[in-house]
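FYI, the UniProt record's numbering numbers position 520 of the sequence shown as 520, with every residue one higher than the one before it.
Source of the hints: derived by calculation from the structure; they are not laboratory data.
It cannot be assumed that every hint is accurate.
Simulated pairs of lysine-lysine, BS3-like, Cα-Cα distance not exceeding 30 Å [said to hold, decoys possible]:
1. K11 / K536
2. K536 / K62
3. K874 / K438
4. K301 / K11
5. K536 / K301
6. K821 / K874
7. K807 / K821
8. K23 / K62
9. K59 / K438
10. K536 / K438
11. K62 / K19
12. K457 / K19
13. K536 / K457
14. K62 / K11
15. K301 / K23
16. K457 / K23
17. K874 / K861
18. K301 / K59
19. K438 / K457
20. K59 / K11
21. K59 / K19
22. K19 / K301
23. K11 / K23
Pairwise CB distance ranges, derived in the manner of DEER restraints [what the hints assert, rightly or not]:
24. G538 / P311: 44 to 50 Å
25. P145 / V45: 32 to 38 Å
26. E209 / D780: 44 to 50 Å
27. R151 / Q323: 42 to 48 Å
All residues carry an ideal CB built from backbone N, CA and C; glycine is no exception.
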Amino acid sequence: KMLGSRPQSQKTTHGTITKLFEKFGYVNDDIFFVRNLVTGGQPRVGDHVSVVADHTPGKAAKWTARSVRIESRHRSSGSQASGRRDRGDSSHRSSAPSVAHAASVPHRVLGLPELSVMELRQRYPRLHPPSDLFHVINGWSAAFPIGSPIRLGCRTVNYHVFPREVDPLTLDEWSVLTGNSDAPVLEPQDQDYRYSAKVMLLSCPSLAELYRQTCSLAQAAADSRFRCIGLANALSFLCGFVSSGDSKSAPPDPLALGGPWSPSVDGEDVEGDPMVLVNTAIRHARRLAGVDLSGCSTWYKFMELHYYREPRRSSSSDSSQQQARLETVTYFLPDVWTAVPDAEQWGRLTEIIGQRVDALIYPPPPPPPPPPKEDEQGQPAADDADASSAPAETENAGDDGKSESADASATAATAEDSEADTSAAGSASQLSNLQAMKVADLRRELESRGRDSRGLKAQLVARLEEVLREEVEAKEADPEKPGDAAAETSENDDAKESGEKPRVSPLSDREQDRIRRHHRLPDTPALPAWPSRTAKGGRLRLESASLSQLLSNRLDSGGRESAFEVALFCEQFHEMLVRDCAYNICTALADCEQNEGEAGTTGAATSADDGSETQRKRPRLDSSAAADAGADEAATGLTRTIRPALLQACEFFDRDRTGQLASRDIEELVLSLGLLHSRSQIRRWVDKASGTEGASSLRYRRLTDQAVTAAEADAGYTAESAAQESGDSRPAPSVFQRAGGCPPVPADGGGGQAGLRLRLLRSAEATLAAVSARERLCRDEIPLAASGLEEADNRRREAETETVELKERVETLTQETAEHKRGYAEYRQLLRDALDAVNAARQPFVDLFEAERLAIEEARKQREAEAAAAEAAKAAAAEAEKAAAAEAGDGEADNSDSVKPDEAEISEVEGGKEWAVVDAV
């Protein structure tokens, strides 16, 4: 690159899908993409695509796709596809070419009861566990065992989220709606974060609609098969979304509805009474979303997370520390389909909302003026007299008032016409600006008009274009009555006929339409929700997000705990769906072998007529049955799906909907259940179900579909009647409604259902015997445990007494230490004062001694000078004497003794001088 050039931040390119995983893939081994962003069909390895990608230098992949569109499909030959999947002798394989497909199968054991942090990282590498998390308990494995999965489709469950401008129901309105007039305490003062309860509210269609959306039913129209969506896209959860506020482009973090436990409101026995945390969840759902979950009959404990909070200081200025504690967060999954309002409650809610809309559009008139005050003689006061004269003046100006009102009505009519033209022009301009709108705005517009707001942006744009076009056509066809104006006009006509004055709203037509649009309710009953205006700093918004959308949210290592918890819940819920679908396939394969054995025994003991009757009652799964079904299908050209639950389970893993599953993938599915099946046993099941020995794949349409016979065609069976037949709410046991125990495991190595259940029964008996032995041991240990407990109680009491004494001793020592500190401070102050006094008193003496020292030093110097002068004089005298002696000769030497001064006199004179010096000093 040239110096100074900036790296490219976005690019549009063409490439080939080189890697494909369950939820994501790579284009040209360089561009990362999420499977939900792909348009044009299900992606496959080798497909040629056009990609719009953003440069992400800080991520593992340098480029992240914003949109992926499939341009051409890549199909491999049957030999290549079979070479990757098949096992065994190729001479026994089917000669039909297999279509390359990407099946999403698990490669780990499903339904572990608990997970540690290391296991979380290994199973979900996309998630980043919080630093305080140390343990996760999967309660769904016990709440929904493998033989009794969750029941979906019992009733259509939808949520109607009102806009933030709409006020929630008052206490009187709640009492009218639910019959409960007690005022709830939503935010008590004693909330304890040691225990928290949160809920995830499931939204799903009815069972028949769920089959239509997720299964390519044989009796459905040909084009409807390609519009099927995945099961994860058909299921949604009502979640709260909070924008982080750090960056406008960052996606909002999802959070579950819930919060901390309150002993005074929810209950004190949080560990012994399971309804305490349920009350906590109900309270917080009412506080955050205005949803009343008190009508839910069953609450499933889905997941439980344990955090260890380290001790930390409460603030930088405060020296106190918060003690370390354990926090438990429990996630519940209630049966919300029991809390959906019935027809009577929905009618009451519609009436309440209608009265509120009527009060907003036609506000009540102001209160009448107070009656005039009278003085003592009974005459009206001066102010009241002036006020009473106003109506008379108004009556006198009646003609002018009529003309002015006529002009005002004409002006209002002109304004309404111009406003209608403006709204029509605005609708036309909206049709051209929909592509520039955000997905959240598109969904909000669709929800305000009572339309479906799920899907990709292209689907939302097309849906909103259709709605706006219908509105424009309706206004053009009847411009005098746009929207709800027809009802208002009919009300005014009725008022005119009855002689009453028609109501006139002070609001404009646009404001009235906005109020009606915000308060509009769907036709079918739904759970109403009002987002809280104060929670999370007023940034909380409610939205029904699909399971696929929540699974595809990309989390970074610095994310919030709430976003991690929601992501982990969705992963666990998706794993539960995988387990249930895999179990349904396992049971269907085991039934195939059992049905074949029963059919062989029945054929050997009964006649051909009885065999044909058995075939009509139960679909035959051997090769001859397939040939008969093929002949019937060729004769009529129609098929129907008789086992939609099994078809739903198979297409859950067959993302490309090719109609087949590889035998290796089926092995992975069955082994992931942890039911102690062998690979050879699973391969034998696949061979029996496919009708071919050593089959490389299973065409599951042989198990789910049945050909329409000629007799049924002669009786008037058509594609339309087949479509009506598919609307049956429960045509077959669903994967989510199958009752019974655990999946069958044969005791003798066979694949029969009875043998499998026999082995399970023996295993249960062995487990019961082990539990009984353990119970006996526990009973024997109870007296020892009781004595140990009593001893521990005694020790605890002694320790408590000693602790009290030590506390008192510590308090006494603390007081004594404080007194000693005060005495020490006083002593130090006294010492300082004494030192200052001593220094002040010593200073004169110091000055005197310093003066004396200087005087002595001066005297010493003077004496040294005098001594030096005396020595010089002595030396001079000696020299003079020597000279005189030399001149005088020896004669004069004899007289020298008499001339020489007396030594005693000299010493006396010198001593007198010294004492004179001392006296001077």
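Hint-by-hint comparison with the structure:
Proposed proximity of K11 and K536 is contradicted: the alpha carbons are some 37 Å apart, above 30 Å. Note on K536 and K62: the hinted pairing is violated, with a Cα-Cα distance of about 34 Å set against a maximum of 30 Å. Under the criterion of a C-alpha separation no larger than 30 Å, the hint pairing K874 with K438 is inconsistent with the structure, at around 125 Å. A threshold of 30 Å between alpha carbons decides the hint, and for K301 with K11 the separation of about 47 Å lies outside it, so the pair is violated.
Between K536 and K301 the alpha-carbon distance is near 26 Å, which keeps this suggested pair within the 30 Å criterion. At most 30 Å may separate the alpha-carbon atoms for a hinted pair to count; K821 and K874 exceed this at roughly 76 Å. Between K807 and K821 the CA atoms are separated by roughly 21 Å; this keeps the pair inside 30 Å, and the hint holds. Between K23 and K62 the alpha-carbon distance is near 18 Å, which keeps this suggested pair within the 30 Å criterion.
Taking the CA atoms of K59 and K438, the gap is about 25 Å. The hint holds against a cut of 30 Å. Of the supplied pair hints, the one linking K536 and K438 holds, its CA atoms being roughly 23 Å apart against a limit of 30 Å. The hinted pair formed by K62 and K19 meets the criterion: a straight-line CA distance of about 16 Å does not exceed 30 Å. Only pairs whose Cα atoms come within 30 Å are accepted, and K457 paired with K19 is accepted, the gap being roughly 26 Å.
Straight-line distance between C-alpha atoms of K536 and K457 comes to about 28 Å, which keeps the hinted pair within the 30 Å bound. Restraint check for K62 and K11: the C-alpha separation of about 12 Å stays at or below 30 Å, so the hint holds. With a CA separation close to 27 Å, the supplied pair K301 and K23 stays within the 30 Å bound. The suggested pairing of K457 with K23 holds, with an alpha-carbon distance near 19 Å, which does not exceed 30 Å.
A distance of roughly 20 Å separates the Cα atoms of K874 and K861; the hinted pair therefore holds under the 30 Å criterion. With a C-alpha separation of about 36 Å, the suggested pair K301 and K59 falls outside the 30 Å cut-off, and the hint is violated. Straight-line distance between C-alpha atoms of K438 and K457 comes to about 8 Å, which keeps the hinted pair within the 30 Å bound. Among the hinted pairs, K59 with K11 is consistent with the structure: their alpha-carbon atoms are about 17 Å apart, no more than 30 Å.
Taken as a hint, the K59 and K19 pair is honoured in the structure, with Cα atoms around 18 Å apart against an allowance of 30 Å. Only pairs whose Cα atoms come within 30 Å are accepted, and K19 paired with K301 is rejected, the gap being roughly 38 Å. Between K11 and K23 the alpha-carbon distance is near 23 Å, which keeps this suggested pair within the 30 Å criterion. A C-beta distance of roughly 32 Å is found between G538 and P311, which places it outside the suggested range of 44 to 50 Å.
The hinted range of 32 to 38 Å is satisfied by P145 and V45, whose Cβ atoms lie roughly 37 Å apart. Checked against the hint of 44 to 50 Å, the C-beta distance between E209 and D780 comes to roughly 58 Å, which is inconsistent with it. The given range of 42 to 48 Å is respected by R151 and Q323, whose C-beta atoms sit roughly 44 Å from each other.
Hints 1, 2, 3, 4, 6, 18, 22, 24, 26 from the earlier list are contradicted by this structure; the remaining hints agree with it.
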